[in-house]
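Chemist: Model the full assembly from the supplied sequences, consistent with the hints where possible.
Order-wise, the sequence lines are chains A and B.
In this text, residue positions in the first sequence follow the UniProt record's numbering: the first is 1, and each later residue adds one.
In this text, residue positions in the second sequence follow the UniProt record's numbering: the first is 1, and each later residue adds one.
Read the hints as simulated data drawn from the structure, not as lab findings.
Okay, the calculated beta carbon distance ranges per label pair:
| no. | chain 1 | residue 1 | chain 2 | residue 2 | range |
| --- | --- | --- | --- | --- | --- |
| 1 | A | Ser195 | B | Arg24 | 19 to 29 Å |
| 2 | B | Lys110 | A | Asp239 | 55 to 65 Å |
| 3 | B | Arg24 | A | Ala115 | 48 to 58 Å |
| 4 | A | Pro66 | B | Gly227 | 47 to 57 Å |
| 5 | A | His212 | B | Arg24 | 14 to 24 Å |
| 6 | A | Glu168 | B | Ala18 | 37 to 47 Å |
With a straight-line cut-off of 30 Å between C-alpha atoms, the simulated DSSO-like cross-links for lysine-lysine are:
| no. | chain 1 | residue 1 | chain 2 | residue 2 |
| --- | --- | --- | --- | --- |
| 7 | A | Lys208 | A | Lys46 |
| 8 | B | Lys46 | A | Lys19 |
| 9 | B | Lys19 | A | Lys46 |
| 10 | B | Lys19 | A | Lys208 |
Since the structure is predicted, the reported quantities are computational estimates derived from the model, not experimental observations.
For every residue, glycine included, the Cβ atom is placed at its ideal position computed from N, Cα and C.
Number of protein chains: 2
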Amino acid sequence: MPDLDRMGVTAEALAQMAKTPDPRLREIMDAAIRHLHEFAREVELKPDEWLAGIAFLTAVGQACTPFRQEFILLSDVLGLSRLVNVMHDAKGREAAGTETSLLGPFFREKAPEFAAGESIAATDKGGEEIILFGEVTDAEGRAVADAEIDIWQVDATGLYDLQANDAEHMDMRGRYRTDAQGRFHMRTVKPIGYSIPMDGPVGQFVQKQDRHGMRPGHIHILVQAPGYRELVTALYMGDDPNIGSDTVFGVSDSLVVMPRRGQPGAPRADLPAIRYDFRLSRLAAGESGGRVGADPSQMMPAAE
Amino acid sequence: MPDLDRMGVTAEALAQMAKTPDPRLREIMDAAIRHLHEFAREVELKPDEWLAGIAFLTAVGQACTPFRQEFILLSDVLGLSRLVNVMHDAKGREAAGTETSLLGPFFREKAPEFAAGESIAATDKGGEEIILFGEVTDAEGRAVADAEIDIWQVDATGLYDLQANDAEHMDMRGRYRTDAQGRFHMRTVKPIGYSIPMDGPVGQFVQKQDRHGMRPGHIHILVQAPGYRELVTALYMGDDPNIGSDTVFGVSDSLVVMPRRGQPGAPRADLPAIRYDFRLSRLAAGESGGRVGADPSQMMPAAE
Numbered sequence: 001m002p003d004l005d006r007m008g009v010t011a012e013a014l015a016q017m018a019k020t021p022d023p024r025l026r027e028i029m030d031a032a033i034r035h036l037h038e039f040a041r042e043v044e045l046k047p048d049e050w051l052a053g054i055a056f057l058t059a060v061g062q063a064c065t066p067f068r069q070e071f072i073l074l075s076d077v078l079g080l081s082r083l084v085n086v087m088h089d090a091k092g093r094e095a096a097g098t099e100t101s102l103l104g105p106f107f108r109e110k111a112p113e114f115a116a117g118e119s120i121a122a123t124d125k126g127g128e129e130i131i132l133f134g135e136v137t138d139a140e141g142r143a144v145a146d147a148e149i150d151i152w153q154v155d156a157t158g159l160y161d162l163q164a165n166d167a168e169h170m171d172m173r174g175r176y177r178t179d180a181q182g183r184f185h186m187r188t189v190k191p192i193g194y195s196i197p198m199d200g201p202v203g204q205f206v207q208k209q210d211r212h213g214m215r216p217g218h219i220h221i222l223v224q225a226p227g228y229r230e231l232v233t234a235l236y237m238g239d240d241p242n243i244g245s246d247t248v249f250g251v252s253d254s255l256v257v258m259p260r261r262g263q264p265g266a267p268r269a270d271l272p273a274i275r276y277d278f279r280l281s282r283l284a285a286g287e288s289g290g291r292v293g294a295d296p297s298q299m300m301p302a303a304e
Numbered sequence: 001m002p003d004l005d006r007m008g009v010t011a012e013a014l015a016q017m018a019k020t021p022d023p024r025l026r027e028i029m030d031a032a033i034r035h036l037h038e039f040a041r042e043v044e045l046k047p048d049e050w051l052a053g054i055a056f057l058t059a060v061g062q063a064c065t066p067f068r069q070e071f072i073l074l075s076d077v078l079g080l081s082r083l084v085n086v087m088h089d090a091k092g093r094e095a096a097g098t099e100t101s102l103l104g105p106f107f108r109e110k111a112p113e114f115a116a117g118e119s120i121a122a123t124d125k126g127g128e129e130i131i132l133f134g135e136v137t138d139a140e141g142r143a144v145a146d147a148e149i150d151i152w153q154v155d156a157t158g159l160y161d162l163q164a165n166d167a168e169h170m171d172m173r174g175r176y177r178t179d180a181q182g183r184f185h186m187r188t189v190k191p192i193g194y195s196i197p198m199d200g201p202v203g204q205f206v207q208k209q210d211r212h213g214m215r216p217g218h219i220h221i222l223v224q225a226p227g228y229r230e231l232v233t234a235l236y237m238g239d240d241p242n243i244g245s246d247t248v249f250g251v252s253d254s255l256v257v258m259p260r261r262g263q264p265g266a267p268r269a270d271l272p273a274i275r276y277d278f279r280l281s282r283l284a285a286g287e288s289g290g291r292v293g294a295d296p297s298q299m300m301p302a303a304e
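Modeler: Below, the structure written as structure tokens:
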């Protein structure tokens, strides 16, 4: 191995990885090495700064638990999650599907099932009761019957159930199904804006950047039906003061809503309602249906 | 927040970080975001690939213990540690200091102190006994008296003491001091080549890349003296079969040595000897003396 200069190290690293059998892993790591090294050269990364970065990533990894995915949170505040989301979304949008948003770190598999009209709030912690109704259709507007719609959100204190670190307890999340006409009718409380968890390394990092760390109030939504592209999205409350500065870059204009009374077709008139119709696009042959996010309890490495 | 496209996400993320009070953190994160996003765009990173990356980084973080720094190992196999090292080294080389190499993940503070001629091997596990001698000088060749020289290496089984996961036990590491003429005389066993730890996420990753994961046999060296740039380097055994393909890119031609008998000036004639003289460069005013590496036990986040 010759004496390596600042460009030579990169060439040597690329050469040593060039035999990677999986062509996609080879492609990804080739690009990762080039961009990582170019970053270090651009800023002339110093040993103590490198060490601070190692310590930070170590702390992020150590903060992960079955109830908390701190690396997804880091990806979120760096805009990477949204970028992956936007690129994935581009295909769905071509087929006129609903715009997507972030799954975030608080999704859980197997939320309780509810009948139309029931509320996901297991206990009354206050908050303004609202309904969410509409239809699930395909890109041509044809009803999709028996689609599963998962919703989850913070309670009136601004916390997700997972933040109680209790695997047994599920609240403010549930699964509904569309009827034969593709219609759904859910009940919840209007979600308030909240801060991302600020007690971990990512929260401290966001504070060092003088960012408010707030997300505007929103309802997470995951719609699934056989043969369709899984739709991961969220609806954002239009009157939230941080609607224009979401700290994880999740908001899009087409996903901003306001609950109001007197909506045509609302299943009940005594509560403010959000009407939103979800359009699913067909899954292309061989297409990856992977979602941008995961249940934290599924993401921990197996114990040795 | 407008609908974000694949470039718009980056602009929005940069804008949200633009208020970072610390100018150096702002500069580093601005570059980090641009390169990270450009990487994701270049490879069109897909949700399931993104998730595999999150799971990998989580596993790396969870593998860190007070005895093992898996993130430093990752940085090493990606060539990042060596790149930071080379950039840091460039300044030292201008002043004619000895070339540096990686500190690696197995350095520990406060190794045992030895007198000249004593051996760092606490127990006899076999291996070929050798001596290492020479002088520590400044860039002009003047002796540096009372410099501290830390050395550490694997034992005859190819393992560092830390890999026994025992905080009390130190072996195959020690600190010596130069005499009034800047001379030192150490005794050890010839280090054998060894594999980086392959039982963790980084080892699995290297295997997926079809890399051998081997480092050529070497002795780690850290030289410190007041007023001089800390010298972190290593001496590599010239007859090692992997001398040309070190998996962490640490080898440089000027650091390749071979123990042999009959060296002029050797303090004893009955053992093969390596003669190596270390040249220290003066620390510039206000210069960061940070090293590329750290004691793993110092790198764990504080328990909550």
